[in-house]
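Each chain, letter by letter, is given below.
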Amino acid sequence: MAQIEFEIEISLENKPAARDPVAETIQRDLLAKKGYDQVSKVRSGQYLRINLLADSEEKAKELITKMCNDLRIFNPVTQILNIINVNKV
Amino acid sequence: MAQIEFEIEISLENKPAARDPVAETIQRDLLAKKGYDQVSKVRSGQYLRINLLADSEEKAKELITKMCNDLRIFNPVTQILNIINVNKV
Amino acid sequence: MTIKIAVIQFPGANCDLDAVHVLNDVIGVETSLVWHNYFKEADFDGVVLPGGFSFGDYLRAGIIAAHSPALDEARVMLKDGRPIIGICNGFQILIEAEFLPGALLQNESLKFICKWVNIKVINNKTAFTHKMKQNEVLAIPIAHGEGRYFTDNLKELEENDQVVFRYSTETGNYESAANPNGSLDNIAGICNLEQNCIGLMPHPERASEAILSPKGTEHGRLFFDSMVEFIKRRIR
Amino acid sequence: MTKVNLSGEEVNVEMTKEEFEKVKELLNREPTITELGGFDIMWSEHCSYKSSRPKLKLFEDAEKDYDYVLAGPGQDAGVIDIGDGYALAFRIESHNHPSAIEPYHGAATGIGGIIRDILCMGVRPIALLDPLRFGHLEGNPHSQWLFKYVVKGIADYGNCTGIPTIGGEVEFDRSFENNCLVNVACIGLGTIEDFEHAPSRAYNPGDYVVLMGGSTGRDGIHGVTFASRTLTEMSEADRPAVQIGDPFTKKMIIEATLEAVKTGYVRGLKDLGGGGLTCATSELTGDGNTGAKIELRKVFTGEPGMTSYEIMLSESQERMAFIVKPEGLETVLDVFKKYEMTFAVIGKTDDSKVLKVYDGEELVVNIPAKALSESPTFRRAEKRPDYLDHLLAQKTPEPTINLEEVIKKLIASENICSKEWVYRQYDHEVGVRSVVKCGEGDSGVLRIIGTDKFISASVGVNSKHCYLDPYEGAKGGLVEICGNVIANGAKPMAMVNCCNFGNPEIPESFWYFSKSVEGMNDFCRKLRIPIVGGNVSFYNEDEVSKTAIKATPQIMIVGLIQGYENIITLPFKQSGNDILIIGETKAELGGSEYHSVIHKLEGGTPPSVDEEKILARWNFLYELYQNKLIKANHDVNKGGFIITVAEMCFKNKFGADIDLTGYNFNNLRDDELLFSETVGRFIIETSPKDFGKIVDLAKMFKVSVNKIGVVKSKPEISIRGLSQIVNLNINQMKQLYDSTIPNLMEI
Ligand SMILES: Nc1ncnc2c1ncn2[C@@H]1O[C@H](COP(=O)(O)OP(=O)(O)O)[C@@H](O)[C@H]1O
Ligand SMILES: [Mg+2]
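Chains as they are written, first to last, in the numbering used here: chain A, 304 to 392; chain B, 304 to 392; chain C, 154 to 389; chain D, 85 to 831.
Looking at chain A on its own, in the form it has when it is part of the complex (with noise of 0.2 Å):
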């Protein structure tokens, strides 16, 4: 079977009830003090854009929430993983 490639960003966050401190201190020290109080909230984490060849969108989703797992590239007990965008290239 022919095989895709997409192209999939993905970002690492701390889960949504656990603190984000590297965000506060944007938000806070950065953006506040320099008078862009229209913000009302930042939160941070890590930037992903991974290529690859899969049979469909859904399986190179499953394989992207694999390998994240298994290089421990994110720990589920603190962090969450999100998929932003899927685009076949």
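Simulated from the structure, these hints should not be mistaken for laboratory data.
Which bits of chain C does chain B cover? Going by a derived footprint, with three or more residues having C-beta under 8 Å, they are:
id: 1; region: 207-217
id: 2; region: 253-259
id: 3; region: 300-313
Just so it is clear, CB atoms sit at the ideal spot from N, CA and C, and this is done for glycine as well.
Following the hints, put chains B, C and D with the ligands in place on chain A, whose structure we already have.
For chains B, C and D with the ligands alone, kept in the frame of chain A given last:
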């Protein structure tokens, strides 16, 4: 005029000349693990998700771009800023 | 007239007291620790931006501190030729505040590295290096996670004599093993065009007393002695 | 988990039914849910030491029995007077369970917690140490993952707060595979005045209670839950099981706290750790014999809609509680404002001896201030494990490979090889105090700026020895760790310990704890070392195999050196000098690296300790130091004394001609002589001209000293006097020593 809340996702990546050791490491680990030869490319960066009020999507994008430039959220010598998504909340 | 130096205390600075100790107790020059929001350039002849993790180094090392009012004050000093040194995090701040060109990226190994290294003096004309000899090799420790120097304009930097230090072996060679963090062309420290402002990743304040040096050297003192001498000449 | 009935509803608690009854009896009524939560956490094993307390009573009262001890066990940290007006505080703590689940944040918040404990004493944290335990790295991605991120967590937190990590220890053993041990220690330095300014007590009615630091959130709330309905809208899965540390905020807390203490207006100080605000306020008032009225809604919360239960029990990191003199409130708050720290005046102390917490008009906590600390204790049964007889009887097989190969295997083994991979990631120099740095000596040596005094600190214990004999093993740990500071020229001043054991309800596990405590107690009383603090971590067991970890009573020693010229270092200094060994070698291969690396054996006869002999050797060494007779010193540890000699060759690329003909007076086999881990031995380098003097002194002190060789300039060790000639190339040995961990960790 009533303002709308937008959620904007951005990524900050190194320019290719500045290299991307995080991605290089992930790729090296993938090779070592075997079984991940479907993955052809990895890029890494920083991820921020910012909620803000603006009159329109256009304005929201403008504001984010201005903010990132003004505050040097990215270092133009080595980094590229991508606005990944702009969503109404 | 007595010389007055300021060591700026940014939130999260942690080599601030070390710099104050060396300047006051070892070099013997009147030095105050100044909270970043209270810093007024008019009171000082020279300034040290110390190492540490200003604002946690969150987002990118040095970026948030670069927006501190202290940097607006320091910019006045930069313009009128007073000496400014950024050590480690201070270097990162000077880069992010665009006092100095380029970028400092995460170490190639992705790890924090704390280690004594050797650096070779490339430019001994600056406010902080004129007491050194050209090509002299100094033993100084590093301690950083984001110290990989990068610029897209290396040629200009070299032509303008802005490269001040390069990582080298003890005998002055540039092997890759001598480059601890993957810096472009082994660059460890640079200066501005006018040469009154330098930034470097290694910590001279940790290398200013023989008791702390593996080989009993005091190479770090040369930076501060140069600075004091430079100020004296300017005042005269 | 126990189900109890609270005003008609079923509630899940950790405490036993009897404890619940005792709560009701203490209060003379049913507790509120917030109160019950407080009791549940404060009476937990972790906070109350209910299993260990009866046993720990064995220890001397250090504060009473040693005049230089300013604070002993029971305080947030031990504190000693080191002269010249300075006080030194130190403490060690475990963060095992959080780190086993989330190594990065678990280890980081462990550092955060131990820093707070030191800060509470009003002094500046100046050093960290980190004894660690993991499963074997080789072929084990899980252990590699834990190791990598624990080290990174410690590095990121310690480096950012500007506190150098000056030492530590790592052992790898199968029993720690799923339950790694992450112990962290911190040392603080201040003037005696600073220390006196900041007791962890609110002893004066009418003072303000001020909370400062990060916001109070829902992270880290555990304990009581309603069986029938959830406590909050959030499900358990939404809750972060592990807290996220924020070293930047911690750094600001350190600076703001120290500056506040310097104003002289702080009358009491307490960190918020386990049990959060409940624990802090009740201990401050309980220990101070006062009471307090707290207004809960003044507390700054990180998220809306938090219940009183959540606010009182949140264990959000990076918070401190201050007791402030009324006349100095403005001054103290100005300090917090300067550092842009969030703070709130949340209440006032009074003389009621009752802690009252109001949620608006509603009184949610109303308990005698001392009640929470009056947990019941348990007498646990203990039993020596049956398997020990079998283990102790194990015999060492006949040597099969040649000695050169064995030595090379040992020096490259995980437990002996260089730990540079770890300490390179730690800023071990910030503070400009580090004189003997990580990897350069047996202990970390720090100068005290403004004096000619130096402190030396070391931490560790041999878990394999303790597994075979916890009593002798704990004593052996003390011998080794004291030996480490003595090797650098220091005198041991005080000890703190961190007991890591299995489930105390299992008699075999409790036996290990009990025997270790007896060992520490006997040794410290005899050698006059005050025990000024400790920490107990039970329930360390492998969930998969249901077996306990190897007993690990970590020992930390702080020593003092008077004068720079009296610091002794490890590397050989000059070829032609004598190499002497202090102490005899016995056939004690039980629990040795030789047994485990070469023969895959865990048993045998482990080392035992003779306190008289140990003391004699220490006194002998002090005498040699006084007479300036020692050029280098390194205590003998894992792998035996040849490993020690090799390590002394490395730095200056020396070699050694070793001749053991005269040393084998106990008629040992080659492998016993070389690889026994008999404790309390030292290898010293001395000048040949002093040999006679040293031998005379040895006789006087009744110490066994033997010349076993000379330092030579060629980087090679040759050994004669065994059944085979042994030649080792130092460069190759160093290569083996250095590459093991990097090879295993960087794929
Ligand atoms: N986890 C660690 N953190 C920091 N330093 C460490 C760690 N483990 C080992 N070291 C350092 O490595 C050196 C050798 O340690 P170790 O082999 O345990 O010492 P010893 O010679 O007493 O056996 C010491 O300087 C020690 O402080
Ligand atoms: Mg030792």
